[in-house]
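Protein chains in written order, with the numbering used here: chain A, 2 to 389; chain B, 2 to 389; chain C, 2 to 389; chain D, 2 to 389.
Note that these hints are calculated values from the structure, not bench results. It is possible that part of the hints are untrue.
Pairs count within a copy or across copies, as identical chains cannot be separated in the list.
In silico EDC-like pairs for lysine to aspartate or glutamate, Cα to Cα no more than 16 Å straight-line [to be verified]:
1. Lys389 to Asp366
2. Lys256 to Glu19
3. Lys82 to Asp97
4. Lys101 to Glu382
Take a look at the letters that make up each chain.
Number of protein chains: 4
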Amino acid sequence: MAGRNHLFIPGPTNTPHEVLSAMHVPMEDHRSPIFPNLFKPLLEDLKKVFRTEAGQCFVFPATGTAGWEVALTNCLNPGDKVLIYRFGQFAHLWMDAARKLGFDVEAHEVEWGKGIPLDAMEARLKEDKNHEIKAVLATHNETSTGVTSDIAGVRKAMDAAGHPALLFVDGVSSIASLEFRMDDWGVDGAISGSQKGFMLPAGAAILAFSQKALAAVETSTFPRSFFSLKDQMNANKDGYTPYTPSTPMLHGLRKALDLLLEEGMDNVYARHHRLGEGVRRAVAAWGLQICAQPGFESDTVTAIVVPADKDARHVISTAYNKYNISLGAGLTEVAGKVFRIGHIGDMNDVSLLGAIAGVEMAMLDNGFDIKPGSGVAAAIEYYRSTAK
Amino acid sequence: MAGRNHLFIPGPTNTPHEVLSAMHVPMEDHRSPIFPNLFKPLLEDLKKVFRTEAGQCFVFPATGTAGWEVALTNCLNPGDKVLIYRFGQFAHLWMDAARKLGFDVEAHEVEWGKGIPLDAMEARLKEDKNHEIKAVLATHNETSTGVTSDIAGVRKAMDAAGHPALLFVDGVSSIASLEFRMDDWGVDGAISGSQKGFMLPAGAAILAFSQKALAAVETSTFPRSFFSLKDQMNANKDGYTPYTPSTPMLHGLRKALDLLLEEGMDNVYARHHRLGEGVRRAVAAWGLQICAQPGFESDTVTAIVVPADKDARHVISTAYNKYNISLGAGLTEVAGKVFRIGHIGDMNDVSLLGAIAGVEMAMLDNGFDIKPGSGVAAAIEYYRSTAK
Amino acid sequence: MAGRNHLFIPGPTNTPHEVLSAMHVPMEDHRSPIFPNLFKPLLEDLKKVFRTEAGQCFVFPATGTAGWEVALTNCLNPGDKVLIYRFGQFAHLWMDAARKLGFDVEAHEVEWGKGIPLDAMEARLKEDKNHEIKAVLATHNETSTGVTSDIAGVRKAMDAAGHPALLFVDGVSSIASLEFRMDDWGVDGAISGSQKGFMLPAGAAILAFSQKALAAVETSTFPRSFFSLKDQMNANKDGYTPYTPSTPMLHGLRKALDLLLEEGMDNVYARHHRLGEGVRRAVAAWGLQICAQPGFESDTVTAIVVPADKDARHVISTAYNKYNISLGAGLTEVAGKVFRIGHIGDMNDVSLLGAIAGVEMAMLDNGFDIKPGSGVAAAIEYYRSTAK
Amino acid sequence: MAGRNHLFIPGPTNTPHEVLSAMHVPMEDHRSPIFPNLFKPLLEDLKKVFRTEAGQCFVFPATGTAGWEVALTNCLNPGDKVLIYRFGQFAHLWMDAARKLGFDVEAHEVEWGKGIPLDAMEARLKEDKNHEIKAVLATHNETSTGVTSDIAGVRKAMDAAGHPALLFVDGVSSIASLEFRMDDWGVDGAISGSQKGFMLPAGAAILAFSQKALAAVETSTFPRSFFSLKDQMNANKDGYTPYTPSTPMLHGLRKALDLLLEEGMDNVYARHHRLGEGVRRAVAAWGLQICAQPGFESDTVTAIVVPADKDARHVISTAYNKYNISLGAGLTEVAGKVFRIGHIGDMNDVSLLGAIAGVEMAMLDNGFDIKPGSGVAAAIEYYRSTAK
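Pulled out of the complex, with its shape left as it was, chain A reads as follows:
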């Protein structure tokens, strides 16, 4: 099939050619005297993306999913109680991981389309007078529903309750794309992965921990080895790693950080907002709804609800097979009900307009009652009026 695949899943995202070329390097000795010249500045510059000065950054040769486990197994003790609000598939999977690891998971169901209910959380934390809850697990951007939770609000709720639990945040599909302020928001463990806002292939769990979280590592008795933060800290302080890193990935991360920091994190956030808003204008012009309820709209991924008589899987299948567009499917509870357009990472207006046009074709092919060009027209007007 001639022409490129158009990748609009919410991750892996499109990798800039500069990043791919930076990864195309011969292998090298990760114990060489010059390896720290690569690795140490990476760990420092990551702080600028996580917006932390007090915290410490880590790169594990694994994925964001592993990052969940790193936070839980290093900072908590076996069987500790954790609080989680389940408002999408990735919140569900984190909950599931915590359960598999033997933690006492208190999970509250939240309607998919909403984020963490701040008032309810505050009330629950206030109730927990004995501070049995050791950690709050908060999904910042729920990729499955296109919902962004208010993490600053979560911190406020915890503070209002005077609760000392650790705050762990799944920022896999938010960090390096959506506004994320680790220090300001009092995040204790921030978890991301390489294949989203960092615009790299999957294969790195990119994490940051607060000093409070790192202090908890000292007393944690949870059995762990590969995911040991202490082993990382011991090796990282000299600029090395406890086991073989993927040096191509680190070179790619170097270039990705250069691109992000050159653009400026605030500009990165603003760009993602523009991109997301354009998609939402298109959806509105089609007369469709998005899964996210007002106030929860994600700027990195939009889940579009199809009419009750339609199956979103057909849209995805047509888009892929007929037009070579990769869209995100609805997962588990929203399977068939939504399809998702990822607008995260290395992306710009024209790419997204192509996607919107392609989605229109796929919807029309499946009998959707939309006006051809209507979504594109709405997005065009928005992008034009907001472009610099």
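Given the structure of chain A, go ahead and fit chains B, C and D onto it with the hints provided.
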């Protein structure tokens, strides 16, 4: 500027990632015993793209512009008369090259927007009773105006006139994308370059000559060295080259030929027709004209005429600076009057819809009276109804 | 510094350019309908490298170190007793990992330079009448000392003792380079990583488990999530993964497997034997000893013992700084006493002769009493006489 | 065949991975407003390699062979007399090119192994009272024999004769590796190619012309088009090219220039001298002769004369087929009599020691009476004692 550049100039075209990777190779000995295993099949498979069995293909480490010179200096004698119809900038440049090389160029002006006037040519050839015209130089696809000439018709005109001149065809922006049939059309010298339908970087003149043309080489006294077809033939027959070739380019050409032949040349032509027709539908929906007159529309590039009160350069500049789309400028006589969308090479519907949407934005930004989304809507309807 | 770095550490190994290019691909949807076309054959073809038909292969986005943990945490229960012989740094680290994970580790010290003592092991297993030992952890190729253990012999010892323990083998620096026969040797868990014989960057734990090991997974109560074999099996059976894989790594693995299987595994083993033997001839010609005692010589890495008055670190430092050769350092107990030449992966005679010559220079610079060219001469004679 | 090919031909040379990655870029618009930001500094920085401030540099999308033609056809008039000393195959080919182009070539035979005979040249120029000789064609580094001519001496001879001829120098295998000083030596046309000292693939003729040469362009009547310096100058002055350039090649050249200028040209010359001298020490240790006579030894390529009863082709064939080393063959008059080791471009001690060892193997396999390791030992001693 985040996100990719959207390249819609009529060449260099977008290079598929498989081709770029195929070119990312260590250097190698072009005199090794295995080099012919790479090079000989390339020369053979090129015939399938030129649609010739009787002819012979050549690859020079130069560009399509050099290809013009190869044909002229190898098959003609100093001062020979050549006939050319000047209906665009590339016809102009070929005429100019022939003049610089001292040939007796008989050039006829043709309105830009039309192609070679077959009746006039036939009449002229009939007039030339003494066969002073030694070669007809025919631009197949005039990139500057988006005009495709009828080369089969040129052959018919020559045959009708019983004229023995050689037929040289500039197929730089047609071969490997538009229908081209060297043997059927009696083409004696077919000239292409790597950076158009072959989807490679610039740097190879890709040529085919008929046996009649090669016979003419034997008697030609034109001074030549680097561009000597005889030197190529002597080396090529054993699978080598007379001087150092770019081996990465040859590996890229191998992959590009694999992609083209896997798709099938007839499918390649049909794809370009669909792509081009979609663009034309969009232009019509905008209420604008294209430079090519009916019957001359090119399926690899469309030159769009802006209203008299507009400057096409502003559209191009806005598209580039604000939306990161590269469009083709109007050249010389049509500078400011047209902008061009290339739809040649590794391209598909969604890429082009992005371009069309982007062009709409750039036109609207420049005060064009068009309806947002109208071009996209027209193209969507066409692409949907014709996609397989 | 002009010229390439010469990489002769025992991993990461040199990645063939074909593999690097295969990894230079746009990101793609790992949930697409065509993803299984890539992934399923990979899992099947890996069996040919592990030499197993009954077993099942797995690829985790992590490293070989993680592979140790996968075997332990999936097939054993918390606190289970495991038997390990500590004869080098990587055996030590595996022991250490098992202890961190809370297993009851019975570790026996073995002189560094030897491998697993088969008789002692057999005796120990016979003693264990109640079968308290649930797993034997055997390091096949001890990278730190250049020692290869006899895994077929381990199996014989276990069988002679009639012991039902699982046999887990660290084949990180042996599988895909040294002879390894999972089924024949009754290996239950075989652990490798991408950055050694597989000639890829670090970032994949490549594993195989026997049906006996997989049955044990069913009853294991060890808490695990990211490393769950069951989650992998559930997803793998349809050709997918439980979380985002590194698709570039999988494309690279595809190419690496193609190269290995095209060469033929028996030829791969033979090549490594030749390469290793040449290095040993050079060492003998220098009048030096290798760390491995007779019968334990590794064909993937040679640890060379420096005279008592020398510090191997100086050789390594000179080689790196003055000649751009990366050698392996002596680790922990042999730090300063040995330096290591890796001869694993994409390697041939001339590369190694360059390394041997470079090592001669570094030794001479550090006052070693060796004859210039002597090691190279010995290796030359061996390679010449054994080359095909 | 596992392991890398060892490329020791005198060009194409080994391309550094940074350069290959720099070339792995999407295509781009060579008429964009930012293209001059790439191209103009390239033309300026090239002057630092040619060591010219007064001259002007050019890049043609062709090869060094084409560079010969550019000089001849732009600065001379049809039939002009040129003086050339034929002391190797590349001098021969330049002579041949000049003849094919119709120039009046006065060629003097020089024993292969020597360079330009300065006294004889001076005498000849003095004889030419009427200044019928319009240009001296001087091969700086004769790749076929491993001979370097004294270009400063050529200038002195011309000055001593008070002769106004243009001095054209073939620096294809010298510029960017051997000392070359365009302004100091009064070179009027300096011709190089991308695939030697510039460490790029073939595909660019890289040239510099003096103001005197450029003035001659104004009056030259030679027919030319693709190779027109005037067309280049007209386009280059604004940072553009007269026809489509290979943008990947330009990006590669950018990186190559960065590497060269970072190393420093004087260091580049010194490095090549060390590399060459080591090879010569090895040859002497083997008891063999090099083709170059004393004072003419090239630091970029060494042609080694085999004993009368041997055929150098067998050495080359064994080296390639058995050991995957690519050596340079003897060309035409020295075919079978010499084989060549290129030591030009991105190269260091250890690479060359591998080549020397490999050549020893190939010679021993062919019954040469040399002592294994002897050449390596001699080179080792030299490299050790001269390394920084």
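The hints, checked one at a time:
{"no.": "1", "hint": "Lys389 to Asp366", "result": "between (35 Å within a copy, 12 Å between copies)"}
{"no.": "2", "hint": "Lys256 to Glu19", "result": "both (7 Å within a copy, 14 Å between copies)"}
{"no.": "3", "hint": "Lys82 to Asp97", "result": "within (14 Å within a copy, 29 Å between copies)"}
{"no.": "4", "hint": "Lys101 to Glu382", "result": "neither (48 Å within a copy, 50 Å between copies)"}
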